[in-house]
Every structure is written in C-alpha cells, then in structure tokens.
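If you're matching positions, the sequence shown starts at -8 in my numbering and goes up one per residue.
Keep in mind the hints are simulated off the structure, nothing from the lab. Just so it is clear, the structure is predicted and the values come from calculations on it, not from any experiment. Where hints are given, some of them may not hold.
Cβ-Cβ distance ranges computed for the label pairs, FRET-style [as the list claims (entries may be wrong)]: (1) 57 with 29: 14 to 24 Å; (2) 65 with 5: 14 to 24 Å; (3) 17 with -5: 14 to 24 Å.
Backbone N, C-alpha and C define an ideal beta-carbon position, used for all residues, glycine too.
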Amino acid sequence: QIYPNPSSGELQIRVLQSIQPNAMVELRDIQGRFIQAWELPLNGLFSQQIHGLNPGMYFIAIRNGQQSYVEKWRIE
-8 QIYPNPSSGE
2 LQIRVLQSIQ
12 PNAMVELRDI
22 QGRFIQAWEL
32 PLNGLFSQQI
42 HGLNPGMYFI
52 AIRNGQQSYV
62 EKWRIE
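Take these sequences, add in the hints, and give me the full structure.
Here is the structure:
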C-alpha cells in the first residue's frame, strides 16, 4: 500500500506480506529512469519525505526477494 497518492512529496508504504532481508524501495521517473532507492525495513513500514521532484507521475517499485510490485505515484 503506497500513500498518499497523489502526494506533495511524502511517501509512505505499508507492506502486508513478510519482508525479506535486503528488500528495496525504488523511485523511478515516468520514463523508468532511476532516481533513488532505500532499504525496506523488516517491519514493512516505510516513510520518506522526498524533496526536489517536479510535479508529475513516478513509479514506486518494491523488490522483496523474488517478488516485485510497481505502482504509479503522483506528485502534485
């Protein structure tokens, strides 16, 4: 679960399944270009204030072991 969406730059994620060590959160622009990555805590709760992004659409990818989940995320 990624929220708020749309956002002013605050990103919060709650993963409901078990988290593997070294799980990652990746931020990419709408063309798929890498912007930033963070390690996802084992409790599955992630919060980050992101500054300097232009308004528009982005992708948030969660990579958890062999599984990947991608969702669109909009900055206003």
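Hints, one by one, checked against the model:
Under the hint 14 to 24 Å, the C-beta atoms of residue 57 and residue 29, about 20 Å apart, fit the expected range. The given range of 14 to 24 Å is respected by residue 65 and residue 5, whose C-beta atoms sit roughly 18 Å from each other. Take residue 17 and residue -5: their Cβ atoms lie about 19 Å apart, and the range 14 to 24 Å holds.
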